[in-house]
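Chemist: Kindly produce the complete structure, drawing on both the sequences and the hints.
Protein chains: 2
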Amino acid sequence: MDKKITIKDIAKKAGVSTSTVSRVLNDTLPVKKETKEIIIKTIKELNYYPDSLARSLRMGSTKTIGIIIPDISNPFFSMLVKGSEDYLREQNYSTIICNSDNKKEDEKIVKLLLEKKVDAILYAGIGNLEKFKKIKTPIIYIDRIEKNSNSSYIVSNNYQGMTTLLDYLLKNNHKTYIFISGDENIFSASERLRAFTDFSKKHKIKNQIIQADYTFQSGIRIAEKIQTIPDAIVCSNDLMAYGIIQGLKNRKINVPKDVSVTGYDDILFSAMFNPPLTTIKQPIYQMGRTASEIVIQILQKKVKENPIKMFKNELILRNSVLKRK
Amino acid sequence: MDKKITIKDIAKKAGVSTSTVSRVLNDTLPVKKETKEIIIKTIKELNYYPDSLARSLRMGSTKTIGIIIPDISNPFFSMLVKGSEDYLREQNYSTIICNSDNKKEDEKIVKLLLEKKVDAILYAGIGNLEKFKKIKTPIIYIDRIEKNSNSSYIVSNNYQGMTTLLDYLLKNNHKTYIFISGDENIFSASERLRAFTDFSKKHKIKNQIIQADYTFQSGIRIAEKIQTIPDAIVCSNDLMAYGIIQGLKNRKINVPKDVSVTGYDDILFSAMFNPPLTTIKQPIYQMGRTASEIVIQILQKKVKENPIKMFKNELILRNSVLKRK
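Residue numbers (full-length UniProt numbering), protein chains in the order written: chain A, 1 to 325; chain B, 1 to 325.
By construction, these hints were calculated from the structure, which means they are not laboratory data. Predicted model, so just to flag it, every value in this text is computed and none were measured. It cannot be assumed that every hint is accurate.
[To be verified] Straight-line Cα separation of at most 30 Å, DSSO-like style, residue types lysine-lysine; simulated pairs:
#, chain 1, residue 1, chain 2, residue 2
1, B, K133, B, K111
2, A, K171, A, K323
3, A, K301, B, K201
4, A, K63, B, K302
5, B, K325, B, K201
6, A, K111, A, K82
7, B, K8, A, K302
8, B, K309, A, K36
9, B, K82, A, K103
10, B, K36, A, K136
11, B, K171, A, K134
12, A, K108, B, K249
13, A, K82, B, K249
14, B, K325, A, K136
15, B, K325, B, K147
16, A, K136, B, K8
17, B, K225, B, K281
18, B, K171, B, K323
19, B, K131, B, K325
20, A, K32, B, K32
21, B, K33, A, K131
22, B, K301, B, K249
23, B, K44, A, K301
24, A, K201, A, K301
25, A, K175, A, K63
26, A, K133, B, K8
27, A, K63, B, K82
28, A, K103, B, K63
29, B, K44, A, K44
30, A, K82, B, K44
31, A, K111, B, K323
32, B, K202, A, K33
33, A, K12, B, K111
34, B, K323, A, K131
35, B, K147, A, K8
36, A, K36, B, K133
37, B, K111, A, K8
38, A, K44, B, K325
39, B, K108, A, K8
Modeler: Structure follows, in structure tokens:
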């Protein structure tokens, strides 16, 4: 492979200095018309793509939005991205997606996106962006509340959703529970856990909490280790519920006959799962789309304060819960 | 919101010309040490992020790889991205993902990634990149063969996989077939269709081909319209098979008792589906990972020719096919 074309190659071929090429690219200082034409011709000949910096310096906008998600293999996040992108496309914006893979590389990724001169960042990651508080590029938080900043956020009411689900299980005579939690540093996971802790206290229910990481694989791993099977295994998201059900199947334990299992999110596949999953539906696509609507309003300076939006969640009854007598 | 910091703001605040700031950023021509220090201090104060251009001009590398996929909501592609990213992370590369949403905006996205100065592009899109043939940035094709270019590609043997599946159906006495095809412009879809056409001819089987678009929704739509139920509905990917089964369920048609349904890909959820899906397994994660291994070899100039790699596919027997007598 040949090496990448740089500004130096263009300068050399056009017989000018690199700062003259830079002047043309950045449109900073005047350059003689003839020289400019030679440089532009050379740029075309060498297939050099003038990049976003040059344009952003002139325009103050790249019409590009960055989206950061923590786990691309979780259909919750692909649906979220789809909602965001659909609206951004309509507005003629491009989207760059970065997947932090739960690795808390979020700071590094935010820096990368800032370097790539995105106009704004939609952030559904799990890290702490405290150090970016002062930057001018808007950061909109998705799936988490940012109380200590002036940022916009889009979230759904996780506490209310989980409480509704638990009340339903109690009404159907579930007396013993295991709660499979996501990483407590994740806002949604900590809210769902808080709902479970309050529920246990209120109804004096003996409970057990097992820490997992929102992945299918963590569900399987845990299901293989559970010793005393409770009336209900309440999972903090659908993917872990799938894993739990799969792991229990491997042990010939039947859901819901031997134990009820519930999820959270209502991702695309939950209705088609065996058994179909009783879960809490978040308006995932709409959350992504709303985040984009807000970001465009901010960029177009159509809002004075930073908008925030909280969606309601809804209990979806399917067949993974037994109506116990 | 304040407007974005530009090179002009820095120049103004530091009391220098923009070209002096540019010299410091791009490291092209010498600048007095005191002036340089003032400019760097100003850049820090204003939270200006020197971008990738400056660095790429100096280094010829941004350590960033772009990945283009056509549908982020298809778990096939999230698994592919995961395989690619895992290896790139180990090699200390960042990844930017762009989702073309089957809209054939691929040319626009390639341009965007070139502007963002990625070192290479992993391309799993469905467009035609003929016009980028001469660019220096390597483009590696995933999930398709590029016969008319010198590019590297990673693919699996779709023709062999589909033929194996069809032979299995025939052996189990399936006599009438409907084939649900993906968009024929997609390499994998056209290969799977070719296998079905050859199979029909060879065994003198009356067949019907219905055009769909690889999505779950297209499967549902088609299932609602099928008039004469055949022995087998062969789907060109798993997502459409899910849709077909869901659509048939809505019509109280049972899979596999009334009709066998098969998929292709073996995405994460296919084993847990109701009924578990008989399908062809592609080594999706490994395909993504191999693409990244090849791209790094190319960037490190460790290969002379452009490597290509074809993976085998494997028949996975589950319960969506009836063993007909």
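Chemist: Which numbered hints turn out to be false for this structure?
Modeler: Numbers 3, 4, 8, 11, 12, 14, 15, 19, 22, 24, 25, 29, 30, 31, 32, 34, 35 and 38 - these are the hints that the structure violates, sorted from lowest upward.
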